[in-house]
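Student: I would like the entire structure built from these sequences, with the hints used as guidance.
Numbered according to mature numbering (1 follows the signal peptide of the UniProt record, and there is no 0), the sequence shown spans residues -20 to -1, 1 to 222.
Honestly, I wouldn't trust all of these hints.
[Said to hold, decoys possible] Within a straight-line C-alpha distance of at most 25 angstroms, the following computed PhoX-like cross-link-like pairs (lysine-lysine) qualify: (1) Lys184 / Lys92; (2) Lys33 / Lys17; (3) Lys192 / Lys181; (4) Lys184 / Lys168; (5) Lys92 / Lys181; (6) Lys181 / Lys33; (7) Lys92 / Lys33; (8) Lys33 / Lys184.
I should point out that these hints are in silico values taken from the structure, not numbers from a laboratory.
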Amino acid sequence: MSRSKRFLPVLALLTGLALAAGTQYSIIVGGQVAPDKAIVVNGQTYVPLSALKLLGINSTLKGTTLTLGSAATAANQTPGGANQRPSLEGCLGETLFNGIWRLKVTRLEAIKRDPGTPLEAPGWGLTVELRNGARGTLSPTDTGVSGTGEGIQLALPDGRTLNVDPLDVQGLTFASLPQGGVVIRQLKFYSSGTDPARAQKPVKFLFQINPKGFEDAIRRRAGGASYTTPTPSFRVRLDCQR
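Tutor: So this is what it looks like as structure tokens:
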């Protein structure tokens, strides 16, 4: 949202404390200082939308109504099938942040595996940027991501999914990234030559993260980093772009 200077009230009010209007507080999200500050007016604390966006909460202003998240996002917070894992959701070209990883999907294109050979198979290539938002060096497998890409999928319009190539994806899942480091990789998803899925364009990208796989020893090595949401997995809609 362009009007990043608008503020929302924090539900927990400061009580028993008389604070002057205009008091400001620095905001720390996932161990990093946010660019904008919270303010206090008449004893009530207001947080900028830019800070909420760092937590994966998007906002939309229409007329005099400000909406946090979306109807689609809210609906998708209910578990029930591969496409309905509780996740942070966004669109192509949008950066999503879960307190550790910043993920952005930039391109989807049709590809072929081993073209011109008996092993030729249709598929899809998805270009992904994954950036380390923690203070220490980490790889995705340190933080609950499967090394062979289990749970990294493309969802098709009929509800079926294509799994990522389990060998190729290791160039992303095992990448060792320092603070601010980024890996850019085209992930590959194939279907069999006779599979009707070859004619379907994927509608969602699913990136599963198990927060229980983020062990305390690794947290300490990463400067005390932690996920800032109980649902750190990502879901990217491929039918919208921002």
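Student: Hints first: check each against the structure and report whether it holds.
Tutor: Quick rundown of the hints versus the structure:
| no. | hint | result |
| --- | --- | --- |
| 1 | Lys184 / Lys92 | holds, 20 angstroms |
| 2 | Lys33 / Lys17 | holds, 14 angstroms |
| 3 | Lys192 / Lys181 | violated, 33 angstroms |
| 4 | Lys184 / Lys168 | holds, 14 angstroms |
| 5 | Lys92 / Lys181 | holds, 14 angstroms |
| 6 | Lys181 / Lys33 | violated, 29 angstroms |
| 7 | Lys92 / Lys33 | violated, 37 angstroms |
| 8 | Lys33 / Lys184 | holds, 21 angstroms |
Checked against the numbered hints given earlier, the structure breaks hints 3, 6 and 7 and satisfies all the rest.
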